[in-house]
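Numbering (our numbering), first residue to last: 1 to 558.
Possibly wrong hints are sitting among the right ones.
[As the list claims (entries may be wrong)] Straight-line Cα separation of at most 25 angstroms, DMTMM-like style, residue types lysine to aspartate or glutamate; simulated pairs:
id, residue 1, residue 2
1, 384, 301
2, 279, 207
3, 363, 328
4, 400, 264
5, 510, 551
6, 316, 333
7, 220, 198
8, 400, 464
9, 216, 328
10, 234, 184
11, 279, 365
12, 279, 294
13, 316, 343
14, 316, 264
15, 276, 365
16, 316, 391
17, 159, 116
18, 363, 264
19, 316, 328
20, 220, 264
21, 316, 365
Hints were generated in silico from the structure; no laboratory data involved.
Owing to the predicted nature of the structure, the values given are computational and were not obtained by experimental measurement.
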Amino acid sequence: FYSLYRESEDWTEHMRVLRILTEMFLPHISLADLEQTFFSKVLPKTLQLFDNLMYDLSSEAKGLTSQNTELCSTVRNLLQASPMKQTVTGILVQLLETLTGCVRYVCTLQECVPLESIRSLPSSVLYVIKSTFTHCKDSELLYCEHLHLISDLLQAMFKETYSLQKQLMELLDMISMGSASAEDNITDMVSVIHTVLEICSVISNMDHALHANTWKFIIKQSLKHHSLLQCHLKHGDILSGLCKDTLFSFHSSLQLAEQMKMSEIQEGTDLRLFQKTVKLCRFFANSLVHYTKEFLSFFSDSCSQLHQLFLQIYSKFPPSLYAPEISELHRDEISRVFLVALDPLINQLLPFSPFMEQVLSEKLDLPPEQQLPQCLILITIMDKLSSQPEEVRTLWNTGKSQSLFSALFFSFQQCSSELSLPICLPEVISMGQPAVPITLYHYVCVHLCSFIASMLPSHFPQLEYALLDAVLGSSMITSLLAMDAWCFLARYGTAELCAHHVLVIAHLIKSWPSDCYQVSALGVLLRRMLFLMAPDHQVEFAGKFLPEEVENLAVWQH
Numbered sequence: 001f002y003s004l005y006r007e008s009e010d011w012t013e014h015m016r017v018l019r020i021l022t023e024m025f026l027p028h029i030s031l032a033d034l035e036q037t038f039f040s041k042v043l044p045k046t047l048q049l050f051d052n053l054m055y056d057l058s059s060e061a062k063g064l065t066s067q068n069t070e071l072c073s074t075v076r077n078l079l080q081a082s083p084m085k086q087t088v089t090g091i092l093v094q095l096l097e098t099l100t101g102c103v104r105y106v107c108t109l110q111e112c113v114p115l116e117s118i119r120s121l122p123s124s125v126l127y128v129i130k131s132t133f134t135h136c137k138d139s140e141l142l143y144c145e146h147l148h149l150i151s152d153l154l155q156a157m158f159k160e161t162y163s164l165q166k167q168l169m170e171l172l173d174m175i176s177m178g179s180a181s182a183e184d185n186i187t188d189m190v191s192v193i194h195t196v197l198e199i200c201s202v203i204s205n206m207d208h209a210l211h212a213n214t215w216k217f218i219i220k221q222s223l224k225h226h227s228l229l230q231c232h233l234k235h236g237d238i239l240s241g242l243c244k245d246t247l248f249s250f251h252s253s254l255q256l257a258e259q260m261k262m263s264e265i266q267e268g269t270d271l272r273l274f275q276k277t278v279k280l281c282r283f284f285a286n287s288l289v290h291y292t293k294e295f296l297s298f299f300s301d302s303c304s305q306l307h308q309l310f311l312q313i314y315s316k317f318p319p320s321l322y323a324p325e326i327s328e329l330h331r332d333e334i335s336r337v338f339l340v341a342l343d344p345l346i347n348q349l350l351p352f353s354p355f356m357e358q359v360l361s362e363k364l365d366l367p368p369e370q371q372l373p374q375c376l377i378l379i380t381i382m383d384k385l386s387s388q389p390e391e392v393r394t395l396w397n398t399g400k401s402q403s404l405f406s407a408l409f410f411s412f413q414q415c416s417s418e419l420s421l422p423i424c425l426p427e428v429i430s431m432g433q434p435a436v437p438i439t440l441y442h443y444v445c446v447h448l449c450s451f452i453a454s455m456l457p458s459h460f461p462q463l464e465y466a467l468l469d470a471v472l473g474s475s476m477i478t479s480l481l482a483m484d485a486w487c488f489l490a491r492y493g494t495a496e497l498c499a500h501h502v503l504v505i506a507h508l509i510k511s512w513p514s515d516c517y518q519v520s521a522l523g524v525l526l527r528r529m530l531f532l533m534a535p536d537h538q539v540e541f542a543g544k545f546l547p548e549e550v551e552n553l554a555v556w557q558h
C-alpha cells in the first residue's frame, strides 16, 4: 500500500489509499514505531498532494476574474470528490478530515506522547493549516465576483481546518519533552510555536475565538516548556504580535463604541459585539502580562514596542484630544475590563532597566497626540514606585539620561493644548468619595506632590535639580507647577530644609542680572517660601540679607 500510495497520481485514488492507510493500518502500529513506520513515509506524499491541489485551485481561481464563468465548475470539481456526486465532501476537505482523524488517533494512545514518536506530524499538519487559512483569507481577491459560487465549499474547508487545528492543539498539549530533552525535540517544538505564531497573523481578522485560542496555545506552550525553550524562542516576534493584536482589538472596540454613540444605539448586536471585542482586549492584556512575567529578561530590544503600546492606547482614549467621541458607559467598560487588566504590565516593567531607559529617553521625539499619554504614563509610574523596593525607586530617580522628575516636567510642558482648554481627569479628592473631574494641572500637581511625600532622602538631589531647572525654564505654567511642588516640599519637609532652600534661592537671585526673566520666577518662589519658614529662620534670614544694604536690594524688591 505504501508503494501504491507513493505512485498514485489520481487525486481520488490517492485519497482512497490514504484513508485505507490511516483507518486500517495506522491503528495497528505502536506509538514507538509511528514516526519511522508511518508518518515519515506517508506525510511527504500527502503534502505533495495538498500542494498540487492548492496550486491548481489557485491557478483556476485566477481565471475566474474574467467573464469565463464556466471555470467555476472546474474549481468546484477541484474542491469536490466527484463532479457526478455533489454531496461528497471535497478532496481538500477529505484530506483535512483524514489528517484530523490521524491526529485524533494519536491522542488516544497515551496521556503523554513523546515528541520524537510523531516528529513529522505537527510540522506537516501546521503547514496544511497555515496554507488553507491563507487561501480562505485571500479568497475574496482570488475569486472576486465569483466567490458566492463556491463560498459553501470554502466555508467547509475553513470549518474542517478549524477542527484540525483544535485537534492538533490537543495533541501538542500531551507532548512530553522531559527536563533534558534532545536538541531535535527543542528545535521541533520551537518551530511549532513559531509556525503557530505565523498562523496567528493569518487568522487575526477571521475569527475571534480561533484567534484567541491560537494565542492561548502559544502562551501556554511557551510557559509549559519555559526552561527548555526560553533561549530559542523569537520573543521579540511574539511580543510584537501580542502588541499588534492588542492595539487592533482596542481600536475595534473604540470604532464600535463611536458608531453606537453616533447612532444612539446602546443595545442589540452592536453592543454584544462591542462587549465581545473588549473581552478580547482583556485576553490580550492578560496574555501580555503572563508572557512578560516569564520572559522579561529577553525584552531588552523590545521596550520601545511596550512603550508605544501604552502611548497609542492612551492617545485614543479619553481625555486625549485625539480620542473618538464615545459614551461614558462604553468608556467605563473599556477602562474596567481592558485597562485594569493591562495595568499590572507596568508593575512588571518597573524593575527592568531597558524599559526605564526607553521611557525616560531624551530622544523620544513624540508626535503631539502622544505627549499627554507620555505624561500620564510617567504619573502612573510615580504612583506605583512608592510601593516598590528601594533599588527600583533608585533606578527611576537616577536614570542615565534624566530623572523621572525631569522627564515629567518636560512632558508636562509639551501638553500646551491640553492645559489651555483645559482637559479634565477623574481624581478622588477625599477618601470614600467618588472621583471628581479636575484639570490636568491639578491632576499632575496632586500626584507629583504625593510622590515627593514618599521619596527617599537619597533622591533629593535629583528632585532639587529638576525643580530648579523647571522654575528657571521658559514655560510659565511648568515653572508654576515646579513652584507649587517646591512649596509642598517646604511644608512637608523639615524647617531646616525649607530654610536651606530659601537661602539658595536668595543667593541665586543676587547672582543673576536683575532684568532676567529667571530672576522674576525665583523672586515669586522666594516670596512664597518666606512665609513657609519657621519664625526663627525668618529672623535669621532677615539678618543675613539686611534690606538696607544695596547688594540685597534684588532679594527684597521681588
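Tested hints:
no. : hint        : verdict
1   : 384 <-> 301 : 24 angstroms, holds
2   : 279 <-> 207 : 14 angstroms, holds
3   : 363 <-> 328 : 36 angstroms, violated
4   : 400 <-> 264 : 50 angstroms, violated
5   : 510 <-> 551 : 8 angstroms, holds
6   : 316 <-> 333 : 15 angstroms, holds
7   : 220 <-> 198 : 16 angstroms, holds
8   : 400 <-> 464 : 17 angstroms, holds
9   : 216 <-> 328 : 31 angstroms, violated
10  : 234 <-> 184 : 17 angstroms, holds
11  : 279 <-> 365 : 33 angstroms, violated
12  : 279 <-> 294 : 23 angstroms, holds
13  : 316 <-> 343 : 17 angstroms, holds
14  : 316 <-> 264 : 21 angstroms, holds
15  : 276 <-> 365 : 36 angstroms, violated
16  : 316 <-> 391 : 34 angstroms, violated
17  : 159 <-> 116 : 29 angstroms, violated
18  : 363 <-> 264 : 43 angstroms, violated
19  : 316 <-> 328 : 15 angstroms, holds
20  : 220 <-> 264 : 41 angstroms, violated
21  : 316 <-> 365 : 19 angstroms, holds
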